[in-house]
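Build the full structure now, drawing on both the sequences and the hints.
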Amino acid sequence: AQWKSTGRIVTEIVPLTKFYKAEDYHQDYFRNHPNAPYCAVVIVPKLEKLKPKLAKP
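Residue 57 is where the sequence shown ends in the numbering used here, and the numbering goes up by one at each step.
What the hints contain is simulated information worked out from the structure, not anything from laboratory work.
Yeah, the Cβ is synthetic: ideal placement off N, Cα and C, and Gly gets one too.
Any given hint could be a false lead.
[Unchecked claim] Per label pair, the in silico range of CB-to-CB distance:
id	residue 1	residue 2	range
1	Tyr29	Ala55	22 to 30 Å
2	Arg31	Ile9	33 to 41 Å
3	Lys49	Glu23	23 to 31 Å
4	Pro52	Ser5	18 to 26 Å
5	Leu54	Asp28	17 to 25 Å
Printed below as a string of structure tokens:
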């Protein structure tokens with residue numbers, strides 16, 4: 001499927017007015033749950049793709 005826009009897409013950037021820290025069980029999720037399905041399917045592939053770009057020559 002292909003989508004063709006006839007107009008511009010505009011993103012408004014506004015100052016952050018409120019921030020709520022996530023619950024403790026969400027903090028350092030990947031470090032604390034490395035074998036969780038989300039980590040294996042989403043995070044690990046992204047890290048593997050990033051590793052070569054961060055490797056020291």
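Status of each hint after checking the structure:
For Tyr29 and Ala55, the hinted distance range of 22 to 30 Å is satisfied, since their beta carbons lie about 25 Å from each other. Restraint check, Arg31 to Ile9: a C-beta distance of roughly 36 Å satisfies the suggested window 33 to 41 Å. A beta carbon spacing of about 29 Å between Lys49 and Glu23 agrees with the range 23 to 31 Å that was offered as a hint. For Pro52 and Ser5, the hinted distance range of 18 to 26 Å is not satisfied, since their beta carbons lie about 34 Å from each other.
In this structure the supplied range 17 to 25 Å holds for Leu54 paired with Asp28, their Cβ-Cβ distance being about 20 Å.
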